[in-house]
Amino acid sequence: MPDPRFFHRAGPQSLAQLAEIAGATLSGSINPQTQIADVATLQDATSADLVYLSDKKLSDALPKIKAGACLVSQALAQGVPATCAALVCADPRAAFAKVIGVFYPTTTSSWSTEHHIAPSAVIDPSAIVAAGAVVAENAKIGARTKLGPNAVVGPGVAIGDDCIVGANVTITCSLIGHRVIIHPGVQIGQDGFGYTASPTGPVKVPQIGRVIIHDDVEIGANCTIDRGMLGDTIIGRACKIDNLVQIAHNVVMGQACIVVSQAGIAGSCIIGDGAMIGPQVGLIDHITIGAGAQIAGQSGLMRDVAAGEAVMGYPAKPIRQFWREVAALARLTKRG
Amino acid sequence: MPDPRFFHRAGPQSLAQLAEIAGATLSGSINPQTQIADVATLQDATSADLVYLSDKKLSDALPKIKAGACLVSQALAQGVPATCAALVCADPRAAFAKVIGVFYPTTTSSWSTEHHIAPSAVIDPSAIVAAGAVVAENAKIGARTKLGPNAVVGPGVAIGDDCIVGANVTITCSLIGHRVIIHPGVQIGQDGFGYTASPTGPVKVPQIGRVIIHDDVEIGANCTIDRGMLGDTIIGRACKIDNLVQIAHNVVMGQACIVVSQAGIAGSCIIGDGAMIGPQVGLIDHITIGAGAQIAGQSGLMRDVAAGEAVMGYPAKPIRQFWREVAALARLTKRG
Amino acid sequence: MPDPRFFHRAGPQSLAQLAEIAGATLSGSINPQTQIADVATLQDATSADLVYLSDKKLSDALPKIKAGACLVSQALAQGVPATCAALVCADPRAAFAKVIGVFYPTTTSSWSTEHHIAPSAVIDPSAIVAAGAVVAENAKIGARTKLGPNAVVGPGVAIGDDCIVGANVTITCSLIGHRVIIHPGVQIGQDGFGYTASPTGPVKVPQIGRVIIHDDVEIGANCTIDRGMLGDTIIGRACKIDNLVQIAHNVVMGQACIVVSQAGIAGSCIIGDGAMIGPQVGLIDHITIGAGAQIAGQSGLMRDVAAGEAVMGYPAKPIRQFWREVAALARLTKRG
Numbered sequence: 001m002p003d004p005r006f007f008h009r010a011g012p013q014s015l016a017q018l019a020e021i022a023g024a025t026l027s028g029s030i031n032p033q034t035q036i037a038d039v040a041t042l043q044d045a046t047s048a049d050l051v052y053l054s055d056k057k058l059s060d061a062l063p064k065i066k067a068g069a070c071l072v073s074q075a076l077a078q079g080v081p082a083t084c085a086a087l088v089c090a091d092p093r094a095a096f097a098k099v100i101g102v103f104y105p106t107t108t109s110s111w112s113t114e115h116h117i118a119p120s121a122v123i124d125p126s127a128i129v130a131a132g133a134v135v136a137e138n139a140k141i142g143a144r145t146k147l148g149p150n151a152v153v154g155p156g157v158a159i160g161d162d163c164i165v166g167a168n169v170t171i172t173c174s175l176i177g178h179r180v181i182i183h184p185g186v187q188i189g190q191d192g193f194g195y196t197a198s199p200t201g202p203v204k205v206p207q208i209g210r211v212i213i214h215d216d217v218e219i220g221a222n223c224t225i226d227r228g229m230l231g232d233t234i235i236g237r238a239c240k241i242d243n244l245v246q247i248a249h250n251v252v253m254g255q256a257c258i259v260v261s262q263a264g265i266a267g268s269c270i271i272g273d274g275a276m277i278g279p280q281v282g283l284i285d286h287i288t289i290g291a292g293a294q295i296a297g298q299s300g301l302m303r304d305v306a307a308g309e310a311v312m313g314y315p316a317k318p319i320r321q322f323w324r325e326v327a328a329l330a331r332l333t334k335r336g
Numbered sequence: 001m002p003d004p005r006f007f008h009r010a011g012p013q014s015l016a017q018l019a020e021i022a023g024a025t026l027s028g029s030i031n032p033q034t035q036i037a038d039v040a041t042l043q044d045a046t047s048a049d050l051v052y053l054s055d056k057k058l059s060d061a062l063p064k065i066k067a068g069a070c071l072v073s074q075a076l077a078q079g080v081p082a083t084c085a086a087l088v089c090a091d092p093r094a095a096f097a098k099v100i101g102v103f104y105p106t107t108t109s110s111w112s113t114e115h116h117i118a119p120s121a122v123i124d125p126s127a128i129v130a131a132g133a134v135v136a137e138n139a140k141i142g143a144r145t146k147l148g149p150n151a152v153v154g155p156g157v158a159i160g161d162d163c164i165v166g167a168n169v170t171i172t173c174s175l176i177g178h179r180v181i182i183h184p185g186v187q188i189g190q191d192g193f194g195y196t197a198s199p200t201g202p203v204k205v206p207q208i209g210r211v212i213i214h215d216d217v218e219i220g221a222n223c224t225i226d227r228g229m230l231g232d233t234i235i236g237r238a239c240k241i242d243n244l245v246q247i248a249h250n251v252v253m254g255q256a257c258i259v260v261s262q263a264g265i266a267g268s269c270i271i272g273d274g275a276m277i278g279p280q281v282g283l284i285d286h287i288t289i290g291a292g293a294q295i296a297g298q299s300g301l302m303r304d305v306a307a308g309e310a311v312m313g314y315p316a317k318p319i320r321q322f323w324r325e326v327a328a329l330a331r332l333t334k335r336g
Numbered sequence: 001m002p003d004p005r006f007f008h009r010a011g012p013q014s015l016a017q018l019a020e021i022a023g024a025t026l027s028g029s030i031n032p033q034t035q036i037a038d039v040a041t042l043q044d045a046t047s048a049d050l051v052y053l054s055d056k057k058l059s060d061a062l063p064k065i066k067a068g069a070c071l072v073s074q075a076l077a078q079g080v081p082a083t084c085a086a087l088v089c090a091d092p093r094a095a096f097a098k099v100i101g102v103f104y105p106t107t108t109s110s111w112s113t114e115h116h117i118a119p120s121a122v123i124d125p126s127a128i129v130a131a132g133a134v135v136a137e138n139a140k141i142g143a144r145t146k147l148g149p150n151a152v153v154g155p156g157v158a159i160g161d162d163c164i165v166g167a168n169v170t171i172t173c174s175l176i177g178h179r180v181i182i183h184p185g186v187q188i189g190q191d192g193f194g195y196t197a198s199p200t201g202p203v204k205v206p207q208i209g210r211v212i213i214h215d216d217v218e219i220g221a222n223c224t225i226d227r228g229m230l231g232d233t234i235i236g237r238a239c240k241i242d243n244l245v246q247i248a249h250n251v252v253m254g255q256a257c258i259v260v261s262q263a264g265i266a267g268s269c270i271i272g273d274g275a276m277i278g279p280q281v282g283l284i285d286h287i288t289i290g291a292g293a294q295i296a297g298q299s300g301l302m303r304d305v306a307a308g309e310a311v312m313g314y315p316a317k318p319i320r321q322f323w324r325e326v327a328a329l330a331r332l333t334k335r336g
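One line per chain: the protein sequences are B, S and V, in this order. Following this note's numbering, the residues of the first sequence are numbered contiguously, the last one being 336. Following this note's numbering, the residues of the second sequence are numbered contiguously, the last one being 336. Following this note's numbering, the residues of the third sequence are numbered contiguously, the last one being 336.
Keep in mind the hints are simulated off the structure, nothing from the lab. Where hints are given, some of them may not hold.
Any copy, or any two copies together, can satisfy a pair, since identical chains are not distinguished.
As the list claims (entries may be wrong) - The list that follows gives simulated cross-link-like pairs (lysine to aspartate or glutamate, EDC-like), each with its CA atoms no further than 20 Å apart: (1) Lys204 / Asp161; (2) Lys98 / Asp285; (3) Lys64 / Asp38; (4) Lys317 / Asp285; (5) Lys204 / Asp215; (6) Lys204 / Asp162; (7) Lys204 / Glu218; (8) Lys204 / Asp285; (9) Lys204 / Asp304; (10) Lys204 / Asp273; (11) Lys66 / Asp49; (12) Lys317 / Asp162; (13) Lys98 / Asp162; (14) Lys140 / Asp215.
With the hints as extra help, turn the sequences into a complete structure.
Dropping the structure here:
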């Protein structure tokens with residue numbers, strides 16, 4: 001469930017109310033007055049939660065659903081088990097976006113107009129908060145951690161011990177470990193880039209996840225790390241991220257990965273331990289990079305990469321094959 | 001004419017003075033003491049304005065010129081109509097840069113050394129201005145709009161109702177609509193990247209346009225949007241822009257476009273309604289992307305793209321052709 | 001030697017102590033109690049300094065070494081001259097990183113928790129420091145220079161006359177010339193991205209160099225320029241750098257270079273006078289771009305480029321050859 005430190009949940013909704021909000025038809029034998037307390041991911045849902053199933057996901061997840069209700073397309077509706085109310089609609093993702101907005105009507109940080117350091121903030125006496133820095137309500141700053149001038153730490157954010165947070169950094173909706181170095185101008189925890197189509201243009205999907213940064217991570221200047229849509233964006237222990245890197249919502253990065261400057265990792269990618277992602281590399285969303293994989297600079301990844309594999313190119317291919325193609329193309333101009 | 005909220009015009013100049021400043025020869029029968037009040041674009045110029053015509057532009061624009069004076073090369077000078085004084089010079093663009101500097105001697109924001117919120121700023125009582133935020137003289141902040149901590153709103157900037165401006169954002173020389181979301185670290189309205197060559201290196205062309213952002217736009221963290229050189233940089237209604245995107249001076253974007261992270265749109269590009277520009281895409285300057293066109297990630301665009309067209313690659317080509325070439329190149333290494 | 005304005009050196013170390021810290025074996029006839037005062041680059045070292053030689057560097061540098069001590073691999077140890085103590089170890093670079101940490105135990109800026117403007121800062125009376133800007137201890141701000149709101153100038157930083165520093169900029173460990181324009185959101189002088197491998201993941205190499213920016217440079221919004229590891233990152237006179245550009249540690253850029261938006265220049269590259277680097281170009285580390293070379297947008301450079309050469313592509317090649325290959329590949333799909 002969304003972290004109450006960052007997102008304030010409104011009261012429960014009945015299945016009937018949810019059907020109306022979602023423009024969905026309630027199917028099955030469950031009482032329409034049954035209360036649903038929250039939204040959740042498929043993995044985390046309990047009987048009090050609503051989930052959604054888009055057509056892209058495999059229908060074999062359906063029988064295992066633990067959720068109390070599910071927004072689902074007509075095509076998949078009959079696979080929903082009897083313990084789960086099916087809310088049948090044309091566009092489950094768009095409907096889910098509307099429902100999130102009802103459970104979590106405000107998703108933006110509330111800032112004090114008066115205090116640079118909120119009275120409710122818990123700042124270790126050994127921490128240093130430079131002039132101009134802002135620490136919002138209920139934020140926690142660990143021992144010996146240093147916040148640079150004009151850094152901004154949002155409501156409920158927790159930062160561990162011995163961290164260095166540079167000037168002009170903004171951190172919201174995030175939990176940060178120990179010995180993390182965040183260079184100036186980094187933006188962490190803002191909304192992910194999620195929309196659904198509509199006749200009047202793209203409609204925003206509320207982003208109610210977090211960013212979790214584990215111990216010993218270093219993040220280069222002016223990077224951007226978006227929070228998860230519903231789950232979390234996770235940066236594993238000892239990852240080292242260079243300047244101007246983009247990490248999108250729900251990316252899960254293992255331990256000790258290296259991401260060189262200006263690389264971009266799209267939504268929900270999974271990066272294995274020790275992977276090395278070169279400069280200006282781009283990954284499309286929902287792909288998996290295996291442990292220890294090496295991605296050469298400027299490569300464009302549109303498929304999974306196996307553990308230990310070294311790839312290069314646009315689209316990325318095994319590095320030897322890339323150079324073979326470069327040579328073949330050069331020869332072609334000599335022949336022809 | 002440049003917006004007086006952002007740029008303070010010095011007094012008028014005679015044609016004779018302008019010729020001297022520009023290192024130009026005044027040609028035609030117009031009185032050299034005729035006063036010119038301002039600089040302007042070809043489209044907007046009146047008889048009180050000076051324009052310039054570089055050799056790149058088509059000479060068939062010349063007979064329609066409404067301007068009172070025109071910096072022009074020898075080759076094009078005789079096409080200038082009798083109502084317009086021709087100021088003939090070797091490099092009209094460089095000369096125009098000098099003249100702009102005379103009409104608009106200071107183009108940088110003037111900041112208060114004392115006030116975070118200038119007494120002349122007009123802030124709706126329902127707006128929230130967080131601690132550390134700066135609102136400069138004559139800026140306007142609309143109803144229910146929220147400025148995050150340490151956000152900076154420059155002199156004369158107007159922001160509409162129900163906007164969210166993140167922490168550490170800077171906005172200068174811009175007009176922002178309603179319900180606009182600007183994520184942390186975004187920089188809007190700084191000088192475009194314009195130079196002319198000179199023997200001592202590149203010489204800056206003053207940038208005296210604006211940024212106009214229409215309603216319902218969302219702009220991702222650490223994006224940069226430069227103001228126009230003379231006209232405006234325009235982001236149309238409901239455009240959604242991801243993190244770390246670069247939008248150069250005088251770009252004109254239609255409605256409901258999507259621009260994914262780390263894409264870069266060079267100067268004076270025109271983007272049609274509903275176009276989708278993928279991550280890390282690059283557009284060279286002065287090209288047009290038609291409505292609904294789709295540009296795949298990392299593509300490099302060096303020519304116009306028709307409405308509805310889907311392109312990919314470097315240089316970009318129709319998406320099927322891209323994949324055909326990928327396959328052909330792979331086959332080549334097997335044969336050879 | 002590292003600049004004492006930015007880095008506080010701890011006391012000298014004996015050769016014996018250094019050998020223990022580095023896990024190295026002291027070889028040769030020099031007294032183990034000999035004191036070493038500092039670390040240095042090969043070029044700058046004197047007899048009081050320690051240097052390191054990685055296997056990549058040519059062994060013909062060895063006889064000319066002026067340093068008093070050298071971390072070196074077994075393979076190269078016997079080439080070290082008798083005037084220089086050889087500290088033999090398996091990984092000289094990793095050992096050097098440890099030793100830097102002993103000579104320079106703290107490498108981060110110390111910020112005041114109270115003062116926006118430190119009492120020891122020297123600010124010319126004609127300079128303008130906007131509300132919210134921070135000027136740390138011993139920083140110097142020249143005549144008529146303007147600091148935008150919430151800009152941050154670190155300890156010991158010197159900024160010349162007639163500069164414009166935008167809002168939300170951070171500058172540390174840097175010396176800035178005259179008439180330099182730094183647009184909003186730029187981050188200058190933070191740690192370079194340097195690590196050595198270890199069994200528990202990448203280990204940080206302390207970065208104790210500076211950034212030197214010469215006169216008349218312009219730097220676009222949200223750029224990042226890292227300081228040198230040991231020497232300096234240098235931007236030559238009149239260079240013009242567009243938005244969102246990444247310049248890594250120890251890059252040395254000549255005069256009047258142009259770097260267009262979102263380009264990335266990796267560590268220790270050398271860029272000749274007047275070179276033009278297009279948008280989204282990437283350079284791998286340690287390459288040299290000759291004077292006046294032109295690099296087309298999105299190119300990926302993996303080798304040196306000669307003066308005046310024009311290249312394009314991934315990998316970059318002469319521009320005509322690039323287009324020849326584009327044409328050949330297109331023809332291939334028609335034949336096949």
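Going through the hints against the structure:
1. For the identical chains of this complex, Lys204 and Asp161 are inter-copy neighbours only, at 18 Å across copies versus 36 Å inside a copy, given an alpha-carbon limit of 20 Å.
2. Taking the shortest alpha-carbon separations for Lys98 and Asp285, neither the intra-copy value of 23 Å nor the inter-copy value of 39 Å comes in at or below 20 Å.
3. In this homomeric assembly, Lys64 and Asp38 come within 20 Å of each other (Cα to Cα) only inside a single copy, at 19 Å, whereas the closest approach across copies is 64 Å.
4. In the homo-oligomer, the alpha carbons of Lys317 and Asp285 lie at most 20 Å apart inside one protomer (18 Å), although the nearest pairing across protomers, at 22 Å, exceeds that limit.
5. Proximity of Lys204 and Asp215 under a CA criterion of 20 Å is satisfied inter-copy only: 14 Å between copies versus 32 Å inside one chain copy.
6. For a Cα distance limit of 20 Å, the shortest separation of Lys204 from Asp162 across copies, 15 Å, qualifies, whereas the shortest one inside one copy, 37 Å, does not.
7. Proximity of Lys204 and Glu218 under a CA criterion of 20 Å is satisfied inter-copy only: 9 Å between copies versus 31 Å inside one chain copy.
8. Proximity of Lys204 and Asp285 under a CA criterion of 20 Å is satisfied intra-copy only: 18 Å inside one chain copy versus 30 Å between copies.
9. In this homomeric assembly, Lys204 and Asp304 never come within 20 Å of each other (Cα to Cα): the closest approach is 28 Å inside a single copy and 29 Å across copies.
10. For the identical chains of this complex, Lys204 and Asp273 are inter-copy neighbours only, at 18 Å across copies versus 32 Å inside a copy, given an alpha-carbon limit of 20 Å.
11. In this assembly of identical chains, Lys66 and Asp49 lie within 20 Å of each other by CA distance solely inside one copy; the values are 9 Å within and 66 Å between copies.
12. With identical chains, the CA atoms of Lys317 and Asp162 are never at most 20 Å apart, being 41 Å at best within one copy and 47 Å at best between copies.
13. In this assembly of identical chains, the alpha carbons of Lys98 and Asp162 lie at most 20 Å apart only when taken from different copies (19 Å versus 41 Å within one copy).
14. Proximity of Lys140 and Asp215 under a CA criterion of 20 Å is satisfied intra-copy only: 16 Å inside one chain copy versus 36 Å between copies.
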